[in-house]
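Asker: The primary structure of each chain is shown beneath.
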Amino acid sequence: MKRNVAIIGGGQTRHAARRHDVNQVELVNEAVRAALEDARMTMEEIDTVLLGNMEFFEGCHMTDCWMADGSGAYGKPGLKITTGGTVGATIVCAGAHHVASGLFDKVLCIGFEKQEEGDTGAILSGVAHPLYGRSMAGAAVGYFAMMATSYMAAWGAREIHSAMVAVKARQNARKNPYAHLKLDITIQDVLNSRMLAYPIRMLDMCPASNGACAMILADEKTARDRCEKPVWIRAMDSAHNEQFELDWRDVTTQKPIFSKVSAARLYRKLGVERPADYFDVFEIYEPATWAEMVWYENLGLCEPGEGFRMIEKGMTEIEGPIPVNPSGGVLSTNCIGASAMLRVWEAALQIRGDAGEHQVPKPVRRALTTAYGGTNWTVLMALSAAARD
Amino acid sequence: MPEPELIEIPMTVDVPYRFSAGHFMGRFLTELRDNGTFFGIRCPRCGRVQMPPRVVCAVCHVPNTDWVKLGLEGTLAGFTIMYLPLTDPTTGKPHEPPFAYGSVRLDGSDSVVDHLLHVTPEVAHIWVGMRLRAVLRPQKDRIGDLSDIRYFEPLENQQKPEPKPSRKEPSDAR
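Taken in sequence, the protein lines are chains Z and G. Numbering-wise, the first sequence is residues 1 to 389 according to our numbering. Numbering-wise, the second sequence is residues 1 to 174 according to our numbering.
In short, the hints are calculated from the structure, not lab data. Any given hint could be a false lead.
[As the list claims (entries may be wrong)] Under 7 Å between C-beta atoms, here's a sample of chain G residues computed to sit facing chain Z: (1) 56; (2) 84; (3) 88; (4) 99; (5) 107; (6) 125; (7) 128.
[What the hints assert, rightly or not] From the derived model, a few chain G residues whose C-beta atoms are all more than 12 Å from chain Z: (8) 2; (9) 3; (10) 34; (11) 42; (12) 66; (13) 77; (14) 131.
C-beta atoms are modelled at their ideal positions from N, C-alpha and C, and glycine is treated no differently.
Could you put the whole structure together from the sequences, leaning on the hints where they help?
Answerer: This is the structure in structure tokens:
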């Protein structure tokens, strides 16, 4: 990058299924105020505001325009960004590029979603091609169910393995005061929960949350002057897939799909040979339990077909050697437009040592985050405690 | 000031659209309607047969030129049994649960098509690798839309293969 970029502050709202105590602008402002307070900054100091959410989930276009009060964008340059489930990370990526280029020194990034106000399934169906496949495109659960049947058929994993992922997420969420689903559940509870789309049960899926996240990025001089614990964005990468193809749902595919391509490129930028050793913690975008096991494999934390053995051995628990989603992840909180930003913010908290009860016990110096959404798109970010690492 | 009453205002936004099928999808849909056949298109560089046909191969970004007639039979690549009354966004009506649907790779195609499966919606009757055949609407009823495929049904004389060798059941350590 032309200039180093640091995360110098951030904040999130309380996430819940019901947030009718606030409207959309008030929800966004809750996160913005938390981020400014964390960075000990005022709105006057912010150069530009980037904001995003899922297109039309709340029935409003151009949220950047009519939220200019609550977002703090009044009188400032800014952008609205929308890239589906990845949007939260795309906003951070765009913010980092603006700082790295030298265009701005202090950028406020905001992602939000108020799912309770619209019909998520109905709007999501608009992601599918209008003339091909839309009749089957009513919900993400069916998509991940197909990934699951492919995974089970290919590798011999069983429902108990996805249940282990479900338990890990919700037990971690109990340690995260902001998380939505803080559930004290067992594997048996998951296996007894209602079948939604075979083999995905209620507790295998993410909730529909309301919430927002905001982060402040800055150049190196500002970060060193203003911030005690800056977290440095060391590398970013993103990759698209094409529509109409199975790709992520066919776990044996030999195609260079988005997740593997993007990870390989990011590792090459940093010279990473063994990602499980290089990074100390991972915050990944797993809307369903099976996606978490596929991410382990696609990120090279294990061999293809070994993801379910990692969860079986407890390797990705908070106390494990390769902690994944100590925050509880998307499985515990999915305010979609904020979810990918929450991955980055939670990873930054881990590096700062500020994650509280869900802080990983081993020293955390580096973290990797993923996003997922759109027609199979990802945004990966590598964070570090050191600007030159 | 007293705490305000937290009110919510219901509203429905109903927007009509007219989508252009375009050159490639247009031919695909009219062939399906008039002749009951599926067409894919082959990339002149990588040889990948894509269905539905499209203007360029996404991987190679070269124009697709080579139309390929495909049969009605294929293999199941992934499936689910849906227990939710999923709304069909193209009709606004729910599919009646439980129902099975899956991704079918037609023979000779590298792509899949997602559609309903005409099988008993139980795991014992559906598996990845199952052989299937597309059942279309009668010609007089076809409209040039993917709904001209009624469903995919299994070919005769198939048996679900034995599951992968079972491993020791991991215990609930929590």
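Asker: Hints first: check each against the structure and report whether it holds.
Answerer: Do the hints match the structure? See the list:
At about 10 Å, the closest approach between the beta carbon of residue 56(G) and any beta carbon in chain Z exceeds 7 Å, and the interface hint on this residue is violated. Look at residue 84(G): its Cβ gets to within about 6 Å of chain Z, closer than 7 Å, so that hint holds up. A least Cβ separation of about 5 Å between residue 88(G) and chain Z falls short of the 7 Å threshold, and the interface hint therefore holds. Here the hint on residue 99(G) is broken, as its CB sits about 10 Å from the closest CB of chain Z, past 7 Å.
Taking 7 Å as the C-beta cut-off, the interface hint given for residue 107(G) is violated, the closest approach to chain Z being about 16 Å. Taking 7 Å as the C-beta cut-off, the interface hint given for residue 125(G) is violated, the closest approach to chain Z being about 12 Å. Annotation: interface hint on residue 128(G) holds; nearest CB of chain Z at approximately 4 Å, less than 7 Å. Every C-beta of chain Z lies more than 12 Å from that of residue 2(G), the closest at about 15 Å, which supports listing it as non-interface.
Not every beta carbon of chain Z lies more than 12 Å from that of residue 3(G), the smallest distance being close to 10 Å; the non-interface claim is violated. With a least beta-carbon separation of about 17 Å from chain Z, residue 34(G) lies farther than 12 Å from that chain, consistent with its non-interface assignment. Listed as outside the interface, residue 42(G) is consistent with that label: its C-beta sits roughly 15 Å from the nearest C-beta of chain Z, beyond the 12 Å cut-off. With a closest Cβ-Cβ approach of about 17 Å to chain Z, residue 66(G) is found to remain outside the 12 Å limit, as its non-interface label requires.
With a least CB separation of 6 Å from chain Z, residue 77(G) falls inside the 12 Å interface cut-off, contrary to its annotation. Distance check on residue 131(G): its Cβ is at least 15 Å (rounded) from any Cβ of chain Z, clearing the 12 Å threshold; non-interface status holds.
In summary, the numbered hints that this structure violates are 1, 4, 5, 6, 9, 13.
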